[in-house]
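Participant: Take these sequences, add in the hints, and give me the full structure.
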Amino acid sequence: MTDGVVPRRQERPQLSDEAASYARELIMSGQVRPGEYVRVERIAGDLDISITPAREGLMALRGEGFVELAPRKGFAVSQLSPADIRDIAFAQGVLAGELAARAARKLTPERLGEIERVQELIEKDAKSARPDQIDELNFLFHREIYVAAEAPKLTWMIDTATKYTPRRFHAVIQGWNRIAVEDHQVILGALRLKDPEAARAAMNEHMVHSGDLLVEHLDERGFWAG
1 MTDGVVPRRQ
11 ERPQLSDEAA
21 SYARELIMSG
31 QVRPGEYVRV
41 ERIAGDLDIS
51 ITPAREGLMA
61 LRGEGFVELA
71 PRKGFAVSQL
81 SPADIRDIAF
91 AQGVLAGELA
101 ARAARKLTPE
111 RLGEIERVQE
121 LIEKDAKSAR
131 PDQIDELNFL
141 FHREIYVAAE
151 APKLTWMIDT
161 ATKYTPRRFH
171 AVIQGWNRIA
181 VEDHQVILGA
191 LRLKDPEAAR
201 AAMNEHMVHS
211 GDLLVEHLDE
221 RGFWAG
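Throughout the sequence shown, residue numbering follows our numbering, covering 1 to 226 in sequence.
Source of the hints: derived by calculation from the structure; they are not laboratory data.
Among the hints, erroneous ones may be present.
Heads up, simulated DSSO-like pairs for lysine-lysine below, C-alpha to C-alpha not over 30 Å straight-line [stated by the list, open to error]:
hint, residue 1, residue 2
1, Lys153, Lys127
2, Lys124, Lys106
3, Lys106, Lys194
4, Lys163, Lys73
5, Lys163, Lys153
6, Lys124, Lys73
7, Lys124, Lys163
8, Lys73, Lys127
9, Lys127, Lys163
10, Lys163, Lys194
11, Lys73, Lys106
12, Lys163, Lys106
Facilitator: Structural data, given as structure tokens:
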């Protein structure tokens with residue numbers, strides 16, 4: 001099992017999708033570098049699946065530009081640059097910012113209370129260093145805001161864009177707990193005021209911060225040197 005990335009066994013998606021998600025996370029967390037090979041056998045073994053869906057998952061990543069298929073060698077990680085990571089964060093910021101702005105206009109007191117409750121749990125777990133729980137709570141924090149926006153197509157688009165961020169961000173990215181507390185409080189402040197533009201700006205900045213942290217993390221691992 002690879003350190004820092006734990007395959008999820010509950011609520012398993014289609015196996016090829018699970019393989020693609022796992023391999024993508026290995027790359028985006030810096031555990032496999034550009035030029036290195038992602039072995040089909042490794043993915044199959046880590047996830048306890050057969051070779052066929054593992055290969056299909058890597059073929060899906062090839063279509064996304066994350067890996068290249070080298071004849072008789074396998075799947076090599078494509079080159080990525082800091083600018084690529086920041087472009088992904090920029091796209092996430094635009095989408096999530098729009099959703100936050102719409103949520104600020106439509107948010108009910110009940111949903112705002114639920115978001116506040118989730119944030120309280122995030123801050124509690126940040127102090128007790130429980131990264132896996134914070135990741136799940138972070139997902140819920142954003143999900144509540146996106147649902148409140150009542151824009152299913154935009155939500156689908158941000159879900160797609162978010163695939164390019166390590167799901168277990170807190171377990172592998174230094175400094176994430178801090179922005180999960182500080183940035184979320186700014187977002188919450190804008191939502192409480194029902195200020196769409198403040199919510200847009202706060203969410204956008206949060207995504208940019210996330211991208212910057214990921215770039216720093218990959219740089220520390222020598223990712224770009226590959």
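Participant: Would you mind marking each hint as holding or not holding in the structure?
Facilitator: Now for the hints, and whether the structure bears them out:
no. : hint              : in the structure
1   : Lys153 <-> Lys127 : violated (35 Å)
2   : Lys124 <-> Lys106 : holds (28 Å)
3   : Lys106 <-> Lys194 : holds (8 Å)
4   : Lys163 <-> Lys73  : holds (26 Å)
5   : Lys163 <-> Lys153 : holds (16 Å)
6   : Lys124 <-> Lys73  : violated (47 Å)
7   : Lys124 <-> Lys163 : holds (26 Å)
8   : Lys73 <-> Lys127  : violated (45 Å)
9   : Lys127 <-> Lys163 : holds (27 Å)
10  : Lys163 <-> Lys194 : holds (29 Å)
11  : Lys73 <-> Lys106  : violated (53 Å)
12  : Lys163 <-> Lys106 : holds (27 Å)
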